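A.B. asks: Use these hints to put chain F onto chain H, whose structure you have.
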Amino acid sequence: MEDNTSYWQENIRLIFICLAIWFAVSFGLGLLLVEPLNAIRLGGYKLGFWFAQQGSIYSFLGLIFWYGAKMNKLDKKYHSEG
Amino acid sequence: MDELKLYTYIAVFGTFALYFAIAWWARAGSTSDFYVAGGGVTPLQNGMAIGADWMSAASFISMAGLIAFLGYGGSVFLMGWTGGYVLLAMLLAPYMRKHGKFTVPEFISDRYYSKTARIVAVICLIIASVTYVIGQMKGVGVAFSRFLEVDYDLGLVIGMVVVWVYAVLGGMKGITYTQIAQYCVMIFAYTIPAVFISLQLTGNPIPQLGLGSTLADGSGVYLLDKLDMVVTDLGFKEYTTANLGGTLNMFAYTMSLMIGTAGLPHVIMRFFTVPSVQAARSSAGYALVCIALLYTVAPAVGAMARFNLMNTIEPAAGENLTYAERPQWFKDWEKTGLLQFEDKNGDGKVQYTADKATNEMVKVDRDIMVLANPAIANLPNWVIALVAAGGLAAALSTAAGLLLAISSSVSHDLMKGVFTPDMSEKNELRAGRITMTIAILFAGYLGMNPPGFAAGTVALAFGLAASSIFPALMMGIFSKKMSGKAAVSGMIAGISVTMLYVFQHKGIMFIPGTTFLGDMGENWFFGISPNAFGSVGALINFAVAFAVLRVTGPAPAHIQDLVDHMRIPTGAGAAAADH
Numbered sequence: 001m002e003d004n005t006s007y008w009q010e011n012i013r014l015i016f017i018c019l020a021i022w023f024a025v026s027f028g029l030g031l032l033l034v035e036p037l038n039a040i041r042l043g044g045y046k047l048g049f050w051f052a053q054q055g056s057i058y059s060f061l062g063l064i065f066w067y068g069a070k071m072n073k074l075d076k077k078y079h080s081e082g
Numbered sequence: 001m002d003e004l005k006l007y008t009y010i011a012v013f014g015t016f017a018l019y020f021a022i023a024w025w026a027r028a029g030s031t032s033d034f035y036v037a038g039g040g041v042t043p044l045q046n047g048m049a050i051g052a053d054w055m056s057a058a059s060f061i062s063m064a065g066l067i068a069f070l071g072y073g074g075s076v077f078l079m080g081w082t083g084g085y086v087l088l089a090m091l092l093a094p095y096m097r098k099h100g101k102f103t104v105p106e107f108i109s110d111r112y113y114s115k116t117a118r119i120v121a122v123i124c125l126i127i128a129s130v131t132y133v134i135g136q137m138k139g140v141g142v143a144f145s146r147f148l149e150v151d152y153d154l155g156l157v158i159g160m161v162v163v164w165v166y167a168v169l170g171g172m173k174g175i176t177y178t179q180i181a182q183y184c185v186m187i188f189a190y191t192i193p194a195v196f197i198s199l200q201l202t203g204n205p206i207p208q209l210g211l212g213s214t215l216a217d218g219s220g221v222y223l224l225d226k227l228d229m230v231v232t233d234l235g236f237k238e239y240t241t242a243n244l245g246g247t248l249n250m251f252a253y254t255m256s257l258m259i260g261t262a263g264l265p266h267v268i269m270r271f272f273t274v275p276s277v278q279a280a281r282s283s284a285g286y287a288l289v290c291i292a293l294l295y296t297v298a299p300a301v302g303a304m305a306r307f308n309l310m311n312t313i314e315p316a317a318g319e320n321l322t323y324a325e326r327p328q329w330f331k332d333w334e335k336t337g338l339l340q341f342e343d344k345n346g347d348g349k350v351q352y353t354a355d356k357a358t359n360e361m362v363k364v365d366r367d368i369m370v371l372a373n374p375a376i377a378n379l380p381n382w383v384i385a386l387v388a389a390g391g392l393a394a395a396l397s398t399a400a401g402l403l404l405a406i407s408s409s410v411s412h413d414l415m416k417g418v419f420t421p422d423m424s425e426k427n428e429l430r431a432g433r434i435t436m437t438i439a440i441l442f443a444g445y446l447g448m449n450p451p452g453f454a455a456g457t458v459a460l461a462f463g464l465a466a467s468s469i470f471p472a473l474m475m476g477i478f479s480k481k482m483s484g485k486a487a488v489s490g491m492i493a494g495i496s497v498t499m500l501y502v503f504q505h506k507g508i509m510f511i512p513g514t515t516f517l518g519d520m521g522e523n524w525f526f527g528i529s530p531n532a533f534g535s536v537g538a539l540i541n542f543a544v545a546f547a548v549l550r551v552t553g554p555a556p557a558h559i560q561d562l563v564d565h566m567r568i569p570t571g572a573g574a575a576a577a578d579h
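Sequences listed follow chains H and F, in order.
Numbering follows my numbering, in which position 58 of the first sequence is assigned residue number 58; successive positions increment by one, without gaps.
Numbering follows my numbering, in which position 109 of the second sequence is assigned residue number 109; successive positions increment by one, without gaps.
Source of the hints: derived by calculation from the structure; they are not laboratory data.
Nothing here was measured: the structure is a model prediction, and the numbers come from that model.
Glycine included, C-beta positions come from ideal geometry on N, C-alpha and C.
Treat the hints with caution; some may be incorrect.
[Said to hold, decoys possible] Straight line, CA to CA, 20 Å or less: simulated DMTMM-like cross-link-like pairs of lysine to aspartate or glutamate:
| no. | chain 1 | residue 1 | chain 2 | residue 2 |
| --- | --- | --- | --- | --- |
| 1 | F | 98 | H | 3 |
| 2 | H | 77 | F | 564 |
| 3 | F | 356 | F | 238 |
[Unchecked claim] Examples of chain F residues lying across from chain H (beta carbon under 7 Å, computed):
| no. | residue |
| --- | --- |
| 4 | 78 |
| 5 | 338 |
| 6 | 568 |
If we strip away everything but chain H, and leave its shape as in the complex, we get:
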């Protein structure tokens, strides 16, 4: 039971980190900060526009796989059967 509690706490901590990045790349860089970021260029893209239409999606992908890999490690640490 002790183990399950700390497993869950570590999971919650990971989720918080991931959702903070999730929020930052889409709502942060792609929406709220889009105007100042648009002053920076990434080739033909304005950076804010790029985050809204490309960068956020790539970040979401990275996040899901990173979370999955981290959780697989946690599963091994606490529940060797998984």
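C.D. replies: Below, chain F alone, put in the same frame as chain H:
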């Protein structure tokens, strides 16, 4: 034209034959096959199936067109319809898979120990899915009538028969394997024209990079800069900064689409088909890879289509297209009424501006952009034929997934779960097939007689899922104490407020003239459009649920143990109807 028709017949009927062959090979023998494909689908297969399930005629046909005309404002769809998968992978899918049941209402009824909760969830699910399926059936009819030049109604009937064969025969198992094939057809059909056009315009074959490159005409000007210049010269909003109703509205809109995506039952259901909790997590990742392949190409398709359209009408400033010399695709789409020209100043030339008084392109339907794109760019006929097959694959695969969600909630949740619990597996399977047949006939009827509100209802489907299903599921997993009474009150409050807001601005059941506040920006709550209101509904759902929880007390101990059990990944058997 005849060559095009021949290629189109080959592409469309060739893919149909493939779907039938797969359906025959993967027919369902048990309720487990029928609802969750026997629980043995690998994450990559499941990812492709989710991609096909998720990407509907709206993603395939409408989204790039929306982006083409909204510019930066179109980002809400790109972020909203992909960001939901992050929420699914972290907040819902693994725990729901661990619990191991067939349907979303079944999960809700176990977690909230109440048949009322199950019935409320079934109602939310049916409203959301039926409204969605009408749009798909309409897409099937339109695609057939335009590309094969058959009657709209006949096209719809052909589509119904095709879906009926593989969905009723194969259930989730047949649908899953057919959807994998449909995903491949769809993604080829979408990316091949995009690669051609990107190569033509920028010399870079990868559309995602082409959009950020310089034009291939030797001018050294970036494509997006040129597009910004062309559209602002004509009085339109600058492409890369055009906003959609203000930052707050875009924020709420994106959030609604994200949590709506995570709450759509036909998507969640797919996570019950994988063998383990770990596979549920990676499935969400593979699903997003498959979806991102299309979604990161869409901005390039949109911007390049807009660029080509502007360039055809006005190749250089002041040198407008002469109407008598308009290209063939222009004439073809004029016939459908989706493209209309009116020579207001009588000079025989086409002026396309943002000013309503002088604009002569009186109608440019956004939905034609993806379909007309290959023709505008002068691509070979086989590419156009491929796009037709892709559009049909997108509409059929989503329709099949939704029909399964509807039939399983009726046969499994209502009949087996609430009214006749002692039904045998064989009878339940038969009931599932019969309800699916009825659902197909019903959806086909609505597709032939589309209610005037068909377009508005897709937004309603997302709003409903966002304001009712998502919060209930999330609280069920992350708040051990959350009780049935509190969750049901939250769901009812969230869904009612959202529906009320949509109806008061769009009319009761979308009937014009029944709006009681008028569909005017001034009357919007903080300027949030009805389509974006699901996120506010979700907040209300959470607030009401926690308030009621405080008053009525926590869930009983055995339910809290159930949640504890859900949170650990070990011991997840195959999804099953009984423990």
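A.B. asks: Each hint: holds or not?
C.D. replies: Here is what the structure says about each hint:
1. This hinted pair checks out: residue 98 (chain F) and residue 3 (chain H) have alpha carbons roughly 18 Å apart, not beyond 20 Å.
2. A distance of roughly 18 Å separates the Cα atoms of residue 77 (chain H) and residue 564 (chain F); the hinted pair therefore holds under the 20 Å criterion.
3. Among the hinted pairs, residue 356 (chain F) with residue 238 (chain F) is consistent with the structure: their alpha-carbon atoms are about 18 Å apart, no more than 20 Å.
4. Hint on residue 78 (chain F) holds. Least Cβ distance to chain H is approximately 5 Å, under the 7 Å limit.
5. Of the supplied interface hints, the one on residue 338 (chain F) is violated, with its beta-carbon coming no nearer than about 26 Å to a beta-carbon of chain H, more than 7 Å.
6. Checking residue 568 (chain F) against chain H: minimum C-beta separation of about 6 Å stays under 7 Å; hint holds.
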